[in-house]
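From just these sequences and the hints, can you work out the full model?
Here is how the chains run, residue by residue.
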Amino acid sequence: MYVAVKGGETAILNSYALLTELRRGDPAVPEIGTDQISAQLRLAVARVMTEGSIYDPELAALALKQAAGDAVEAIFLLRAHRTTLPRLGYSLPLETGRMHLWRRVSAAFKDLPGGQILGPTYDYTQRLLDFSLLDGGETPAAAQAPVDNDMATPSVIDLLAQEGLVEIDAVPEGDSAPRDLTREPLRFPADRPTRLQNLARADEGFLLAMGYSTQRGYSHTHPFAGEIRFGSVELELVPEELGFPVSIGDIEVTECQMINQFAGSKMLPPQFTRGYGLAFGHSERKAMAMSLVDRALRARELGEAVEAPAQMEEFVLSHSDNLEASGFVQHLKLPHYVDFQSELELVRRMRRAHGQPEEEA
Amino acid sequence: MNAPPRDHHVNFAYLDERTKRMIRRAILKAVCIPGYQVAFGSREMPLPYGWGTGGIQVTASLLGPDDVLKVIDQGSDDTVNAVNIRRFFQRTAGVEVTTETPCADVIQTRHRIPETPLREGQIIVYQVPVPEPMQRLEPREAETRKLHGLAEYGLMHVKLYEDIARFGHIATTYDYPVLVNGRYVMAPSPIPKFDNPKMHMNPALQVFGAGREKRIYAVPPYTPVESLAFDDHPFTVQKWDSPCALCGATDSFLDEVITDDHGTRMFVCSDSDYCRTRQQAAQACGEEKLRARA
Chain P
1 MYVAVKGGET
11 AILNSYALLT
21 ELRRGDPAVP
31 EIGTDQISAQ
41 LRLAVARVMT
51 EGSIYDPELA
61 ALALKQAAGD
71 AVEAIFLLRA
81 HRTTLPRLGY
91 SLPLETGRMH
101 LWRRVSAAFK
111 DLPGGQILGP
121 TYDYTQRLLD
131 FSLLDGGETP
141 AAAQAPVDND
151 MATPSVIDLL
161 AQEGLVEIDA
171 VPEGDSAPRD
181 LTREPLRFPA
191 DRPTRLQNLA
201 RADEGFLLAM
211 GYSTQRGYSH
221 THPFAGEIRF
231 GSVELELVPE
241 ELGFPVSIGD
251 IEVTECQMIN
261 QFAGSKMLPP
271 QFTRGYGLAF
281 GHSERKAMAM
291 SLVDRALRAR
301 ELGEAVEAPA
311 QMEEFVLSHS
321 DNLEASGFVQ
331 HLKLPHYVDF
341 QSELELVRRM
351 RRAHGQPEEE
361 A
Chain H
362 MNAPPRDHHV
372 NFAYLDERTK
382 RMIRRAILKA
392 VCIPGYQVAF
402 GSREMPLPYG
412 WGTGGIQVTA
422 SLLGPDDVLK
432 VIDQGSDDTV
442 NAVNIRRFFQ
452 RTAGVEVTTE
462 TPCADVIQTR
472 HRIPETPLRE
482 GQIIVYQVPV
492 PEPMQRLEPR
502 EAETRKLHGL
512 AEYGLMHVKL
522 YEDIARFGHI
532 ATTYDYPVLV
542 NGRYVMAPSP
552 IPKFDNPKMH
562 MNPALQVFGA
572 GREKRIYAVP
582 PYTPVESLAF
592 DDHPFTVQKW
602 DSPCALCGAT
612 DSFLDEVITD
622 DHGTRMFVCS
632 DSDYCRTRQQ
642 AAQACGEEKL
652 RARA
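So the protein sequences, as listed, match chains P and H. Residues in the first sequence are numbered consecutively from 1, following the working numbering. Residues in the second sequence are numbered consecutively from 362, following the working numbering.
Treat the hints as calculated values from the structure; they're not laboratory data. None of the values given here were measured: they were computed from a predicted structure. Note that beta-carbon positions come from the ideal geometry of N, C-alpha and C, so glycine has one too. Be aware that a few hints might be false.
What the simulated footprint calls covered on chain P by chain H, stretch by stretch (three residues with Cβ under 8 Å from a Cβ of chain H suffice, anywhere in the stretch; the number is not a length) [unchecked claim]:
| hint | segment |
| --- | --- |
| 1 | 77 to 85 |
| 2 | 176 to 184 |
| 3 | 328 to 340 |
Spelled out as structure tokens, the structure:
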């Protein structure tokens with residue numbers, strides 16, 4: 001009997017209902033609030049904001065709730081919302097040197113002006129399950145507020161740069177505004193601002209693996225974590241009608257400055273070069289991986305041989321976006337009857353030609 | 362079909378007017394240079410990449426409030442993806458929809474060209490997963506762009522030649538490369554090569570949208586579209602041994618349907634509107650004959 005592919009519309013509507021029911025789970029358990037998500041799942045929120053390219057903890061929490069905790073689905077929701085938002089203006093570059101620090105560590109210097117601040121980190125927890133959290137009702141000890149320094153804590157790398165040992169990231173002559181990758185297509189070769197923008201939105205897992213590969217011989221960049229800092233920084237905007245900067249609030253970011261050995265080239269003396277990473281919220285893994293990949297992608301500019309995947313900008317930048325990847329991988333769920341039918345016909349014909357009788361079922 | 366109500370929280374056809382203008386400009390450029398891939402600022406859509414975001418953006422920028430829309434996937438109006446995209450436009454644009462090919466002003470399609478010939482004034486919008494026909498031969502876009510610029514298509518011809526050398530025939534059955542207006546080699550999107558001849562000198566405007574890859578290209582009405590081949594190995598299309606089991610068509614692309622656990626198969630039209638129209642016509646004819654006899 002032939003059953004036509006019908007009833008797609010009813011199926012979709014039923015699917016919505018099932019999805020809602022499964023997302024809500026057991027109705028005897030209280031519903032989770034978006035305030036609970038943004039307060040208690042802050043790292044998930046940070047990832048969704050970073051890769052969703054929008055700083056809004058409340059919407060990120062909503063997206064996580066709606067996506068039943070699936071980070072990539074939540075990023076999708078946030079990005080689809082972001083498309084519809086008007087561009088009101090562009091902020092001034094962040095002054096991360098004036099960050100109110102929660103945390104700041106350098107693996108290259110034992111001590112540095114402003115000091116090392118361990119701050120909140122899972123690094124030195126011993127990863128034993130804390131069964132007391134099962135019961136709830138924890139009362140955390142008073143935490144120390146972020147270091148409230150009005151004193152600027154400049155990046156440690158800038159101190160080295162004064163000696164000429166580290167390249168200076170000077171603003172290029174006639175520096176044009178960076179392209180907006182969400183408004184213009186990515187073209188190759190891509191300049192560094194474009195690459196960094198792509199990496200900032202890139203999937204954390206992908207960047208982690210690419211960064212990791214550079215540590216295992218697929219392009220050697222000899223990295224040192226010059227500095228990693230996390231804290232809140234003021235966001236400033238120059239409204240056209242005012243003509244001077246006004247603060248529009250503070251955002252939390254994680255910044256990583258990686259320093260890498262560089263043997264020099266015909267044009268440049270031996271010196272340390274840099275890789276840069278920046279992410280919304282507390283996202284050290286992302287920021288560090290990003291800085292490794294940023295440095296690897298500078299191979300062409302620094303006259304290094306482009307041999308490893310992490311150095312190939314088309315490979316990295318075209319595959320870094322998790323929505324593009326997730327969508328295209330999962331589109332294989334869509335019907336391909338027609339293409340498959342065409343291939344079936346071809347394979348049958350080729351098998352006949354091969355002298356093997358076709359197996360009739 | 363119970364149409365979802367028009368959602369007035371979003372702009373007509375979802376995208377804002379400036380974005381639609383940007384896309385229309387890309388389409389105009391694409392029409393001016395048939396087969397050339399125009400890079401455009403593809404937006405992040407509320408549907409996943411690979412599910413028709415390019416086609417949806419093109420359709421969104423072409424639709425007017427009075428247009429009638431048809432959406433097909435695998436030739437059928439009823440597959441879930443087609444239903445979903447049609448609902449998206451009902452919800453965001455409130456346009457009239459149809460399943461009948463001749464009634465549609467805009468037809469968005471995935472993987473098929475309708476069997477009913479298109480007419481002047483119609484626009485067919487293809488969803489394109491991979492706009493670059495040479496991507497599998499040369500993955501670097503910076504390189505393929507040069508090859509197109511120089512009209513250097515040796516790579517593609519060598520690939521087709523190697524097929525012939527190995528199998529005795531060209532082993533590409535869908536997304537079969539075409540030469541548009543004698544200049545650009547173009548990916549026709551994963552339509553079966555059965556549909557390729559329909560692109561040639563078609564009276565309708567054909568627009569191709571690739572959202573993830575951020576490219577738009579077009580074939581204007583009455584433009585020559587030639588499937589790549591060799592003089593001694595001419596282009597051929599698929600043939601079936603039996604007609605459609607439902608409408609008896611011998612000229613349409615047939616899907617193979619397995620109907621029981623013993624592998625019994627039947628072949629039916631992939632174009633559901635074409636098949637239904639033919640069945641209705643046959644029924645009407647039959648009734649007329651009966652009346653004439655009575």
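The hints, checked one at a time:
Figure legend: the segment 77 to 85 of chain P, annotated as covered by chain H; annotation consistent (5 residues with Cβ-Cβ distances under 8 Å, at least 3 required). Check result for the segment 176 to 184 of chain P against chain H: holds, 3 residues qualifying (beta carbon to beta carbon below 8 Å, three or more required). As drawn, the segment 328 to 340 of chain P meets chain H at 10 residues by the rule of a beta-carbon pair under 8 Å; at three or more, the given contact holds.
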